[in-house]
Amino acid sequence: MTELFVLVEHRQGEIRDVTFEMLTKGRELSERTNTDLTAVLLGHNVKDFAKKLGEYAKRVLVVDDARLENFNSEAYQEVLAHLITQRKPTLTLIGHTAFGVDLAPSLATQLSLPLATDCIDLDFEGKRLDVVRQVYGGKVNVKARLRESMSYVVTIRPATFEVQEIEPLGGEIVEIKSPLVEDIKYKRFIEYVQPAVGEVDIASAEVVVGVGRGIKDEENMPIVRELADALGGVLGCSRPIVDKEWLPKDRQVGTSGKTVKPKLYIGVGISGAFQHVTGMKNSDLIIAINKDPKAPIFRVADYGVVDDLFKVVPVLKSKIKEAREE
Amino acid sequence: MDIVVCVKHVPETAEVEIAVDKSGKSIVTEDLVFDINEWDDYALEEAVLLKEKLGGSIAKILHRAIKDLPFDLILTGAQAGDDGYAQVGVVLAELLGIPHATMVKKVEPVEGLVKINRELEGGLEETVEVELPTLLTIQTGINEPRYVSIMGIRKARAKEINVLGLEDLQLGENEVGESGSWMTVERMFIPPAEKEAEILGGSPDEVTLKIVEILRARGLI
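Keeping their order, the protein sequence lines are chains A and B.
When the letters of the first sequence are read in order and numbered with numbering that gives the first Met the number 0, they come out as residues 0 to 325.
When the letters of the second sequence are read in order and numbered with numbering that gives the first Met the number 0, they come out as residues 0 to 220.
Wrong hints could be hidden among the right ones.
To be verified - BS3-like mimics (lysine-lysine), calculated; alpha carbons at most 25 Å apart, straight line:
no., chain 1, residue 1, chain 2, residue 2
1, A, K57, A, K176
2, B, K209, A, K262
3, B, K66, A, K186
4, B, K50, A, K293
5, A, K186, B, K50
6, A, K126, A, K215
7, B, K158, B, K52
8, B, K158, A, K248
9, A, K142, A, K126
10, A, K215, A, K46
11, A, K293, B, K24
12, B, K50, A, K243
Unchecked claim - What the simulated footprint calls covered on chain A by chain B, stretch by stretch (three residues with Cβ under 8 Å from a Cβ of chain B suffice, anywhere in the stretch; the number is not a length):
no., stretch
13, 27-40
14, 79-91
15, 100-109
16, 133-142
17, 164-172
18, 278-292
These aren't lab readings, by the way, just hints derived from the structure by calculation.
Owing to the predicted nature of the structure, the values given are computational and were not obtained by experimental measurement.
Cβ atoms here follow ideal geometry from the backbone N, Cα and C, with glycine treated the same way.
Make the full structure from the sequences, and use the hints.
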């Protein structure tokens, strides 16, 4: 039967969550379109992974090769292009992750297949594929239709589909001989670089004040720092603040930083791009202060204040201080 | 080292309210300020830093135009702030038949190759070596884009800008725009809210009082 591929993402001995999220969505799509859900596992000594993946897919294709031990887009592309050409899946799902963005566009280009990246939903209508993706930092959604094709490549935004606990599928494990014949020519993985450990671990704090682009200038940082102090909490931030080096990398909340789950998260001048929201949406109580009433952060916050942070935050700090002194 | 940088012009939307226009397939751009894509700004700065270190020239061009230019390195932003595809650089590399690496946070030229750090998830990075010529997509935060002085802007104005049309690029009408694209926009809409924050209204004095009450009720102060 025709297949629907999900590329397994793994790193440092662990299957990444996005894999199971894609398998969950893939299962729904494959059942509706009457195709086989196939997990595609590229790696080295990955037998244990294959077993686990068999619970979520009808079939697990395993290509075992020392050259696939660590992700390498050059080697991955060659193997995947081979598998897609041979087996002609209707769709190949790849995570929209650091690995996926390094692989999917060149793979689709090589095979002349339509590609849609960073999708938050997708559905077949006959042979046509419709996708939903976000633009302008998550402020607008776009529904788009891909050019008709026998096969499509789609990258899926992580943490979009909730993994469902399901009856194990008992998928068959199929070992495929590696199509790689030569050494990898142009690109070599050297090593992983672990993040530096800072003085403060924002992931274990009970109160986090997150600051974003809206703070505008480094000179304004004391305003939010004082709010964090008044609450006995720590200061975290979104990406632009780390990019500008106003706070160290270990204070960054989000996909490329840390995931926090404090009792209280106050977002100040943060619009709420998904990369940030993924890292804080499970906080017990979320309060957001932003002047744009349509800012995506208000879609995850419990309470919102639509106003100028420079007017609100200093007053809030004083009131909290007073309340604590009472 | 000869470096090509690809840049895109995008509306600045981080701190403004956006509306979908009447067609339902685009946003209202009239009141938006257009600027160089934030990621591309870092790519340009990285090119300037490399040039200062190694010499060579920098060209700002995209796509078909590149294939006849001499280059060792092509830099693009990791993604655009408007459509956020994160694909143009990698597609371009594949079309040119050269290797690529995305989300680059550090570039170190070594004889015949570049040693780079790619940003992965959770603060992790990976070090990778890529042979030249290559294309790198640059992640924000890799450097500090400089402010250009008035003198610099004057000098830039005097530079020759080569505007190429479809004919110059030997591209047909159907190879560009929507007909040449992988997908067609059906409609744009403001995302539905899974949860809507309760908006606290009033003066700063009033809203902050409400927040204090909420925190007190939850035992947070």
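Is the listed coverage of the stretch 278-292 of chain A by chain B valid when you require three or more residues with a beta carbon under 8 Å from a beta carbon of that chain? The restraint on the stretch 278-292 of chain A holds, since 7 of its residues have a Cβ under 8 Å from chain B and three suffice.
If you draw a straight line from the CA of K57(A) to the CA of K176(A), is it 25 Å or shorter? It holds: about 20 Å lies between the C-alpha atoms, which stays within 25 Å.
Satisfaction of hint between K126(A) and K142(A), Cα-Cα up to 25 Å: holds (17 Å)
Just to be careful, I want the Cα atoms of K186(A) and K50(B) compared with a cutoff of 25 Å; is the pair within it? holds (23 Å)
Does K24(B) sit within 25 Å of K293(A), going by the straight-line distance between their CA atoms? Roughly 19 Å separates the two Cα atoms, so the pair holds.
Chain B covers the stretch 164-172 of chain A, three or more CB atoms within 8 Å, holds or violated: This one is violated; 0 residues, fewer than the three required, reach chain B with a Cβ under 8 Å.
Check, residue by residue, whether the stretch 133-142 of chain A contains three or more positions whose beta-carbon lies closer than 8 Å to a beta-carbon of chain B, and give the verdict. holds (count 10)
Restraint check for K209(B) with K262(A), where alpha carbons must lie at most 25 Å apart: holds (18 Å)
Counting residues of the stretch 27-40 of chain A with a beta carbon closer than 8 Å to any beta carbon of chain B, are there 3 or more? violated (count 0)
If you count the residues of the stretch 79-91 of chain A with a beta-carbon closer than 8 Å to a beta-carbon of chain B, do you get 3 or more? Not satisfied, violated; 0 residues make the cut.
Would the hint linking K215(A) and K46(A) be met if the CA-CA limit is 25 Å? violated (51 Å)
Under 8 Å between beta-carbons, do enough residues of the stretch 100-109 of chain A, three at least, approach chain B for the coverage claim to hold? holds (count 8)
Checked against the numbered hints listed earlier, the structure breaks hints 4, 6, 8, 10, 13, 14, 17; every other hint is satisfied.
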